[in-house]
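Trainee: Next come the chains, spelled out residue by residue.
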Amino acid sequence: MGNFFSSMFDRLWGVNKEMRILILGLDGAGKTTILYRLQMGEVVTTKPTIGFNVETLVYKNLKLNVWDLGGQTSIRPYWRCYYSNTAAVIFVVDSTDKDRMATASKELHMMLQEEELQDAALLVFANKQDQAGALSASEVSKQLNLVELKDRSWSIVASSAIKGDGISEGLDWLIDVVREEQL
Amino acid sequence: MEKKLKKFLSNATRVAPKISKKGELFELRNGLVSPYPQTRKDAIKKTIQQMTLGKDVSSLFPDILKNIAASDVEQKKLVYLYVMNYAETHPELCILAVNTFVSDAQDSNPLIRCMAIRTMSMIRVDKILEYVEIPLRKTLQDDNPYVRKTAVICVAKLFALNKELCQELGVLEDLVSALEDSNPMVVANAIAALSDIYETDPSVVELPKLIQQHVSQFLLALNECTEWARIVILGALAEYTAKDSLEAEQIIDRVTPHLQHVNAAVVLATIKVVIANLPKIQVNVDSPIFSKISSGLVSLMSTPPEMQYVALRNIRIILERYPLLLSRELRIFYVKFNDPLYVKLEKIDILVRLVDPCNLKQCTLLLAELKEYAMEYESEFVSKAILALSQLGVKFSEVKFVRKVLDIIVDLCQTRDSFQDDCMVAMCNLIRHTGSEQDDMITQVCSLAQVWGSTESVFQTDYAKCNYIWLLGQYSEKFSNIDKSLQVFIDSFTHEESLTQMSLLITVVKLHSVLPGAMLQNLLNLATTSTDELDVRDMAIMYWRCLSLEGENETLINELCNAQLPQVATTLDAFSPELLETLLRELSLLSSIYYKPVSTMTRYRMRTTNAVKGKQLNELQYMARDEIMKNMNEDNLLDFDGESNFAANATQPSSSVLSDINDLFDFAPVVPQHLQPQSQQPVDESIQGLSLHEKHGSAKTSQNSNTQDLLDLF
Numbered sequence: 525m526g527n528f529f530s531s532m533f534d535r536l537w538g539v540n541k542e543m544r545i546l547i548l549g550l551d552g553a554g555k556t557t558i559l560y561r562l563q564m565g566e567v568v569t570t571k572p573t574i575g576f577n578v579e580t581l582v583y584k585n586l587k588l589n590v591w592d593l594g595g596q597t598s599i600r601p602y603w604r605c606y607y608s609n610t611a612a613v614i615f616v617v618d619s620t621d622k623d624r625m626a627t628a629s630k631e632l633h634m635m636l637q638e639e640e641l642q643d644a645a646l647l648v649f650a651n652k653q654d655q656a657g658a659l660s661a662s663e664v665s666k667q668l669n670l671v672e673l674k675d676r677s678w679s680i681v682a683s684s685a686i687k688g689d690g691i692s693e694g695l696d697w698l699i700d701v702v703r704e705e706q707l
Numbered sequence: 003m004e005k006k007l008k009k010f011l012s013n014a015t016r017v018a019p020k021i022s023k024k025g026e027l028f029e030l031r032n033g034l035v036s037p038y039p040q041t042r043k044d045a046i047k048k049t050i051q052q053m054t055l056g057k058d059v060s061s062l063f064p065d066i067l068k069n070i071a072a073s074d075v076e077q078k079k080l081v082y083l084y085v086m087n088y089a090e091t092h093p094e095l096c097i098l099a100v101n102t103f104v105s106d107a108q109d110s111n112p113l114i115r116c117m118a119i120r121t122m123s124m125i126r127v128d129k130i131l132e133y134v135e136i137p138l139r140k141t142l143q144d145d146n147p148y149v150r151k152t153a154v155i156c157v158a159k160l161f162a163l164n165k166e167l168c169q170e171l172g173v174l175e176d177l178v179s180a181l182e183d184s185n186p187m188v189v190a191n192a193i194a195a196l197s198d199i200y201e202t203d204p205s206v207v208e209l210p211k212l213i214q215q216h217v218s219q220f221l222l223a224l225n226e227c228t229e230w231a232r233i234v235i236l237g238a239l240a241e242y243t244a245k246d247s248l249e250a251e252q253i254i255d256r257v258t259p260h261l262q263h264v265n266a267a268v269v270l271a272t273i274k275v276v277i278a279n280l281p282k283i284q285v286n287v288d289s290p291i292f293s294k295i296s297s298g299l300v301s302l303m304s305t306p307p308e309m310q311y312v313a314l315r316n317i318r319i320i321l322e323r324y325p326l327l328l329s330r331e332l333r334i335f336y337v338k339f340n341d342p343l344y345v346k347l348e349k350i351d352i353l354v355r356l357v358d359p360c361n362l363k364q365c366t367l368l369l370a371e372l373k374e375y376a377m378e379y380e381s382e383f384v385s386k387a388i389l390a391l392s393q394l395g396v397k398f399s400e401v402k403f404v405r406k407v408l409d410i411i412v413d414l415c416q417t418r419d420s421f422q423d424d425c426m427v428a429m430c431n432l433i434r435h436t437g438s439e440q441d442d443m444i445t446q447v448c449s450l451a452q453v454w455g456s457t458e459s460v461f462q463t464d465y466a467k468c469n470y471i472w473l474l475g476q477y478s479e480k481f482s483n484i485d486k487s488l489q490v491f492i493d494s495f496t497h498e499e500s501l502t503q504m505s506l507l508i509t510v511v512k513l514h515s516v517l518p519g520a521m522l523q524n525l526l527n528l529a530t531t532s533t534d535e536l537d538v539r540d541m542a543i544m545y546w547r548c549l550s551l552e553g554e555n556e557t558l559i560n561e562l563c564n565a566q567l568p569q570v571a572t573t574l575d576a577f578s579p580e581l582l583e584t585l586l587r588e589l590s591l592l593s594s595i596y597y598k599p600v601s602t603m604t605r606y607r608m609r610t611t612n613a614v615k616g617k618q619l620n621e622l623q624y625m626a627r628d629e630i631m632k633n634m635n636e637d638n639l640l641d642f643d644g645e646s647n648f649a650a651n652a653t654q655p656s657s658s659v660l661s662d663i664n665d666l667f668d669f670a671p672v673v674p675q676h677l678q679p680q681s682q683q684p685v686d687e688s689i690q691g692l693s694l695h696e697k698h699g700s701a702k703t704s705q706n707s708n709t710q711d712l713l714d715l716f
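Protein sequence lines correspond, in order, to chains A and B.
Under my numbering, the first residue of the first sequence carries the number 525, and numbering increases by one thereafter.
Under my numbering, the first residue of the second sequence carries the number 3, and numbering increases by one thereafter.
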């Protein structure tokens, strides 16, 4: 009974409500590194994610439930299991991997067509800017055909998960948009 | 703005959710993806609740899986429970849990590490097994013994699921090194895992060698681990063969304290170890070790009846090797009024076995006790008690005592009216034991049998009938109207079972000079033509042949029928030495209850690989062939003997008889020739050969059996 009341109050005031944010992208784009950069503020050595990682973090008084899903071809079909109740999607692109830009673009647009993601905001990280030969944010945006996106709040930010550049800027934007939508 | 409006509208419709329409699963799913942690946890609990009730909630698998990565141990446990249960229904989705499994296996909480590796090795999904390597290796080297002991078992599970992978990963070596772990639980689990693997595939690990090498670790671990681990370690110790008497003594000294354990399985396992080592050391009958074993066994008698039964079955095996082990504890095994029937029956059996046949006082006590039992009401129990009386009489073997037993049985017959079968068998056993010198006893039994014989169908069982007819034949002078009693059985000959048929045949042939001639003729006809029993028919043909011989057939018949039967030394059944050896080694296993070695049980046979099986089959075939050949040779010798006898007897070799005899017997030398080219299926073939030839022989004789020869006889 106590649980019942406490959850009722939680709902009324929206206290314990968590915001679901997905981090998606092709394998090796740096999703897990970004997740732990967000959570712990440091770089961890990662292995390919078979399945998912999930972390809860508090950012600007918002409780975020951040899901980092594995990007292997074999796991991509299961992304859809996680779409429901999602407030925002962070799509991570490896800016140095020019060959697979087309694949990334295809996956991105396919994902955005899902019914359950119609209301979700989109943040694209053009990652790995620290490496030589990385495409700039605008180039990546072109390659991904982001301009075609209608009826959705989106943004692209150049980032480097290793150095920590651009991550918090991107997230700030995302939080602002999400907070606006929630109200 | 437009978007906000849309959202507001959709929210407005959500105010009154339609619950019933989509049902419980829909509600649960909503709860599982709720943005509120507490709601999710509640939904998980409800889902598990449904699962334990047996409802199919497998469709929630992906949603439950999302909750696997929680910091809350309780929630994690529930999700793991669900995953274990339904992983097989969604093998492809299981891969989503891999990352969590792997990271959980490195969690700071040993409980979670343990849970992760346990679940991972348990799920029967190949894709998961591919990723098991790193976590398994890590947990095998974990600091926490609790995690290590679980990981060790996981190796065995992995082996059962995927043998090749397990060998490829090389974790079996880790398993072997776990035998030297500092923690006794890990050692115990390692040996359990190893014996499990060894049972599946003996070629992978050299368990016997490992056991030889690690005995000191086992002995050290023995005192510090839980009771179940003790059983496993004791089981391994029982496999160990001590190098010398000193070591054997040492092992016995180390394990004997466990004879006083509360857990019956520990006690039995300990006894197994002690018994395995006893032959190595020099002990006399009253050495303290025996009294320790016996007190251990006695303590088992205060357990619940089911366990008592197991204990009794095991005691029966041990008594066969050490008959005097428990002779001082007779009273413990007395039947209590509230014992279940199966325990009562076992107890009677044990009582007769453990009594000391040199101790008159004890035997008399037991006799009085058994007499009481024979007055009970449960028929199986009473039958067993009557049988036990005769067994006791035979065991103590002193004439006075036997007479006492006989008096009790005769008394019983007069007071009770439904146990004639058992009494008859018991009395015949006693008479056969004392021999024909004790005329008064024989008269006593015969007069009783005479009374019974006058009422029809007193005896129900084959065995009792057989005994009765034997009695008639053996002491015919003590019966009147013997032909009438026999005629009853001849009339129902075709309905009787083989023992009765044979016994009848012998008796009638034996008494043929006293009985009317038509009776013998009639019986021989019946026995050769209207029975399916090969033995009976063979015997009838043999007798017929002998009777139709001219000349000294009387002496031949006398020799055949009136031969002195060996004295009955014991009526207790015993195991063959090999079986006893195996059973002693497999004490406290299931085989000790069925009295069948593990190797004969079906599950075990299914597991052994084809190659092994093929080899065994071949070996068996050769063994069978050798045995048949040997038997054939023996038969031949006998036959030749017989033939020369006959030849000598037949003063005028009136060709027909001799050639018939030759016909009849010459199948024996023929068969081995049949046998040699067809060594592949020796048993079937030769049996076929035998029966064919027999049929041939019998056909001839029945043709030949025109009364002439026989009439000559009379």
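Be careful, since some hints might not be right.
To be verified - Subject to a maximum C-alpha distance of 30 Å in a straight line, what follows is the list of computed DSBU-like cross-link-like pairs (lysine-lysine):
no., chain 1, residue 1, chain 2, residue 2
1, A, LYS571, A, LYS674
2, B, LYS48, A, LYS571
3, B, LYS79, B, LYS129
4, B, LYS48, A, LYS587
5, B, LYS159, A, LYS571
6, B, LYS140, A, LYS541
7, B, LYS79, A, LYS571
8, A, LYS541, B, LYS79
9, B, LYS47, A, LYS587
10, A, LYS687, A, LYS622
11, B, LYS245, A, LYS541
12, B, LYS79, B, LYS211
13, B, LYS48, B, LYS79
14, A, LYS541, A, LYS584
15, B, LYS129, A, LYS630
16, A, LYS571, B, LYS165
17, B, LYS79, A, LYS587
18, B, LYS363, A, LYS571
Read the hints as simulated data drawn from the structure, not as lab findings.
Trainee: Compare the structure with each hint and give your call.
Mentor: Now the hints, each set against the structure:
1. LYS571(A) - LYS674(A): Measuring from Cα to Cα gives roughly 36 Å; hence the hint is violated.
2. LYS48(B) - LYS571(A): violated (35 Å)
3. LYS79(B) - LYS129(B): It holds: about 22 Å lies between the C-alpha atoms, which stays within 30 Å.
4. LYS48(B) - LYS587(A): holds (25 Å)
5. LYS159(B) - LYS571(A): holds (26 Å)
6. LYS140(B) - LYS541(A): Violated - the C-alpha atoms of LYS541(A) and LYS140(B) are around 37 Å apart, more than 30 Å.
7. LYS79(B) - LYS571(A): holds (25 Å)
8. LYS541(A) - LYS79(B): holds (23 Å)
9. LYS47(B) - LYS587(A): Given that 30 Å is the threshold and the Cα spacing comes to 24 Å, the pair holds.
10. LYS687(A) - LYS622(A): Cα-Cα ~21 Å, so holds.
11. LYS245(B) - LYS541(A): Distance of about 71 Å is beyond 30 Å: violated.
12. LYS79(B) - LYS211(B): violated (40 Å)
13. LYS48(B) - LYS79(B): holds (14 Å)
14. LYS541(A) - LYS584(A): Holds, at about 14 Å.
15. LYS129(B) - LYS630(A): It holds: about 27 Å lies between the C-alpha atoms, which stays within 30 Å.
16. LYS571(A) - LYS165(B): Holds - the C-alpha atoms of LYS165(B) and LYS571(A) are around 27 Å apart, at most 30 Å.
17. LYS79(B) - LYS587(A): holds (24 Å)
18. LYS363(B) - LYS571(A): violated (82 Å)
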